[in-house]
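Trainee: These are the residues of each chain, in order.
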Amino acid sequence: KQEVTQIPAALSVPEGENLVLNCSFTDSAIYNLQWFRQDPGKGLTSLLLIQSSQREQTSGRLNASLDKSSGRSTLYIAASQPGDSATYLCAVIKAAGNKLTFGGGTRVLVKP
Amino acid sequence: GAVVSQHPSWVICKSGTSVKIECRSLDFQATTMFWYRQFPKQSLMLMATSNEGSKATYEQGVEKDKFLINHASLTLSTLTVTSAHPEDSSFYICSGPDTGSSYEQFFGPGTRLTVL
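Each protein sequence line maps, in turn, to chains F and C.
Sequential numbering of the first sequence, starting at 1, is according to the numbering used here.
Sequential numbering of the second sequence, starting at 1, is according to the numbering used here.
Some hints here could point you the wrong way.
[Claimed, not checked] Simulated coverage check for chain C against chain F, where a stretch passes if three residues somewhere in it have a Cβ under 8 Å from a Cβ of chain F:
1) 77-85
2) 105-116
[Said to hold, decoys possible] Label-pair restraints from in silico Cβ distances:
3) C/99 x F/63: 20 to 28 Å
4) C/13 x F/61: 36 to 44 Å
5) F/67 x C/1: 23 to 31 Å
6) F/5 x C/1: 48 to 56 Å
7) C/74 x F/94: 19 to 27 Å
8) C/80 x F/12: 38 to 46 Å
9) F/39 x C/53: 48 to 56 Å
[To be verified] Computed list of lysine-lysine pairs in DSS-like fashion (alpha-carbon distance at most 27 Å, straight line):
10) C/66 x F/99
11) C/20 x F/94
12) C/66 x F/42
Keep in mind that the hints were calculated from the coordinates and are not lab data.
Think of the CB as a built atom: it goes at the ideal place given N, C-alpha and C, for glycine as much as any other residue.
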């Protein structure tokens, strides 16, 4: 059974500092991995998707890497801003059509 | 990215009543949709997989007679919470996948249900 872990559970940084969020999964046989952002009381916003054949994806200040063999993904957010404060979730899927398996999330606070 | 809408965004009801939540894919067709519930400060818990034109698949421990799912078309799935009780109060979120090669999942904004 796939298990996804996110460490740390919470993170507080001053504005301008780079953020590093970690995600690990126990079964390396994944189809893709997605990073999401969730604001309080809101749904999930897809940030980046990395397919199993890819090593990384970038969008603006966000960069996500994937190391399937070690079961790890890292989300980097450069030059953090207070607006980056949110909960970040990673999730993996075993095959197209299957359900997502989520990590517990990392709650990020960027202090002005 | 693709857009998923939910209606209503919040609902308050009396114990014993039924509540229907709609999930629509606005710019893509979804043969499959997923329903989740989320308690405060917890991650999402998958309740069921909704399949267009066939019965939903429920996760272990989820009562199918209490949480009725109907996926009547390629753009609409509904979740009905029957005979709601205060313990059903939660945040319900649906998602639909892009069935292209990436299978990226897109989530609705969620529905906050409060049962008095």
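Trainee: For every hint, state whether the structure bears it out.
Mentor: Comparing the hints with the structure gives:
1. A count of 0 residues in the stretch 77-85 of chain C with a Cβ less than 8 Å from any Cβ of chain F is obtained; the coverage claim is therefore unmet, three being the minimum.
2. With 7 residues having a Cβ less than 8 Å from any Cβ of chain F, the stretch 105-116 of chain C passes the three-residue criterion, so the hint holds.
3. One distance hint, 20 to 28 Å for the beta-carbon pair residue 99 of chain C and residue 63 of chain F, holds here, with the actual separation near 27 Å.
4. At roughly 42 Å, the beta-carbon separation of residue 13 of chain C and residue 61 of chain F lies within the given 36 to 44 Å, and the hint holds.
5. Judged by the Cβ atoms, the range 23 to 31 Å given for residue 67 of chain F and residue 1 of chain C holds: they are separated by roughly 25 Å.
6. Residue 5 of chain F and residue 1 of chain C have their C-beta atoms about 26 Å apart, which leaves the hinted 48 to 56 Å range violated.
7. At about 24 Å, the beta-carbon gap between residue 74 of chain C and residue 94 of chain F stays in the expected band of 19 to 27 Å.
8. Range check, residue 80 of chain C to residue 12 of chain F: Cβ separation about 41 Å, and the 38 to 46 Å hint holds.
9. At roughly 34 Å, the beta-carbon separation of residue 39 of chain F and residue 53 of chain C lies outside the given 48 to 56 Å, and the hint is violated.
10. Simply put, residue 66 of chain C and residue 99 of chain F have alpha-carbon atoms about 21 Å apart, close enough for the 27 Å limit, and the pair holds.
11. Of the pairs offered as hints, the one joining residue 20 of chain C and residue 94 of chain F is violated, with about 31 Å between alpha carbons and a cut-off of 27 Å exceeded.
12. At roughly 24 Å between alpha-carbon atoms, residue 66 of chain C and residue 42 of chain F fall within 27 Å of each other, so this suggested pair holds.
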